[in-house]
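*Asks:* Model the full structure from these sequences, guided by the hints.
As they're listed, the protein sequences go chains A and B. If you're matching positions, the first sequence starts at 909 in our numbering and goes up one per residue. If you're matching positions, the second sequence starts at 909 in our numbering and goes up one per residue.
Derived from the structure by calculation, the hints contain no laboratory data. Note that the coordinates shown come from a computational prediction; the quantities given were computed from them, not determined experimentally.
Within a straight-line C-alpha distance of at most 35 Å, the following computed DSBU-like cross-link-like pairs (lysine-lysine) qualify:
| # | chain 1 | residue 1 | chain 2 | residue 2 |
| --- | --- | --- | --- | --- |
| 1 | B | Lys1109 | A | Lys1126 |
| 2 | B | Lys1126 | B | Lys1254 |
| 3 | A | Lys1125 | B | Lys1109 |
| 4 | A | Lys1124 | B | Lys1109 |
| 5 | A | Lys1109 | B | Lys1125 |
2 protein chains.
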Amino acid sequence: MAADPESSGGPPPLRRRAPPCVLLLRHPPHFTLIDRPLPDGFRFLKPWESPLPFDDFLASDDVRSAEAILTSQGVPVTADMLRRLPAVRLVLTTSAGLNHIDLAECRRRGVAVAGAGEVYSEEVADLAIGLLIDVLRKVSAGDRYVRRGSWSGEGEFALGSKLYMKCKLYLLCLWWLFHSQLGGKRAGVVGLGRIGLEVAKRLEAFGCTVSYNSRKKKPYVLYPFYSDVRELATNCDVLVICCGLNEQTHHMINREVLLALGKEGVIVNIGRGSIIDEKEMVQLLVQGELGGAGLDVFENEPKVPEELLALDNVVLSPHTAVFTTESLSELCNLVVGNLEAFFSDKPLLSPVLDE
Amino acid sequence: MAADPESSGGPPPLRRRAPPCVLLLRHPPHFTLIDRPLPDGFRFLKPWESPLPFDDFLASDDVRSAEAILTSQGVPVTADMLRRLPAVRLVLTTSAGLNHIDLAECRRRGVAVAGAGEVYSEEVADLAIGLLIDVLRKVSAGDRYVRRGSWSGEGEFALGSKLYMKCKLYLLCLWWLFHSQLGGKRAGVVGLGRIGLEVAKRLEAFGCTVSYNSRKKKPYVLYPFYSDVRELATNCDVLVICCGLNEQTHHMINREVLLALGKEGVIVNIGRGSIIDEKEMVQLLVQGELGGAGLDVFENEPKVPEELLALDNVVLSPHTAVFTTESLSELCNLVVGNLEAFFSDKPLLSPVLDE
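*Replies:* Encoded structure:
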């Protein structure tokens, strides 16, 4: 973006005109949660404070002057919305995924888009590994086992008793908690972007061998590349879904891919629910045709398929991969930084490059 | 151990005499669980198959001829037992810890001891990291939240509704699930043996800085060393207990150490329950003076302090750190290998070096 010729030597352009209007499609969760006030120097339009229905609110003169939209995961910025808000020049999102923004329409209209940048990558990768260990080593299942008193209830197996010595029963009680070690597992990373690379780095520290699938083979990456995700699954014990959701990735992890992963295979999804054909996955998990799943995202979240709630080989996480106090704070800085940069005609801090 | 002069050229000594008697203090769990038969070439004495009480069983002639004892976690080999079984020359254990064996008495009597060697190190380290991520990112708590229907129950916060836009309430429902990122945490490893080193390697991949406490500073280790565990705690956000239990480490993690770790501090214990003063730890967790705990071991397991069952900042694991199908199989090989080596007068595969 070219520098404003007036800005050199003079006061910054931000201070010389009316504060830009920013439409909030939702109370920005990050600011709310850490009690951070919205930044000065902007006028924020809040549909939930208006008595008007959302459609009428969008049509009001005030809102039609909005120059930016701030949104987050799950709240869509559609072509229709952009057409109705012709002054918008910037869409900001606080989510790692971008599937809620009509990027093609933004491009067509010359609307800039800023995302969450790298703020979340490590958080999400950490949770991916946490879910994987949890499924393989049954951490949540073990925690439930202890909390419901099943462990301490094994009184007849007291140390030194004949039953304890014989111990087969005691051990069989625990057997369902035993599973598989992480070291030596062949792990496939689907989508080797920022998050995927962080996941791969962690997997290596646990002694896993990493290969990946991605739109294109990445230069400078030494992990084996599979252009076909089913072939990747055939050659892996674990799949970690790290890609974004788009037309190409919707239901990319279908029945065939899951069957290729197999009865001992584990799938971890920290991308978006609809990347997996959830109905098929649930069926295969129930039938024992798929070994286990660690899921932070679901097709119709917060709805979670009923069948999953009864399974001990799945770990269910309420889409919290990005949420830590540290990332919330960092993201607030990024939102403010992007707004200030854009309206000072400086480059965005985290532009979304439409690769 | 010197090689048997008769063994060179001739048949192995194992085949030339009556099979050595091995006293099993308990049905060896590893063999049971993977349906592995006990090895040929030995006579195994099984107290649970005898009508005699254990004490009388020990006094029988048959048992007094036992040359080896095979035990596992929690089943003690005491000085008294060794005195009553004068023919014993070898004690084998399948557990990672050794606190159930009177090592001093073994040394005094010239009884060799073989442990689990490195079989478990990676398994245990994996679970330590799993517990840590679980506590920091509330994986098990999130799983409970989803399974009890709390997430999907937030119907009034449907996407696009005014309440959703306002969203403060929605987020506050989830806020307790947010916690702290792993990257940048200062992690203290207590006991930098095989397991501790594997834990440290994994922590580094998550962007943690590692320091450690150990009996002595380790040569060739670059992590900062703290001779005082309380000082280590003062300088750490996370403590991972990886040491063995002995007189020096019993209740080493006392109230002062836990207070030094602090309100945001997290403790992970995959060593032995009694290394931590459990009563004090429980009190500090309940009072919010300690941030969280991931526990695979407890002072009086399988009894778990009642107060912990109600806390969402603790993860409770029923002492499963060593149990994976892979480690069970490897350990059976090690037990058989140690028995065959010892009675062929070859060096033990995993001698316990009394450092």
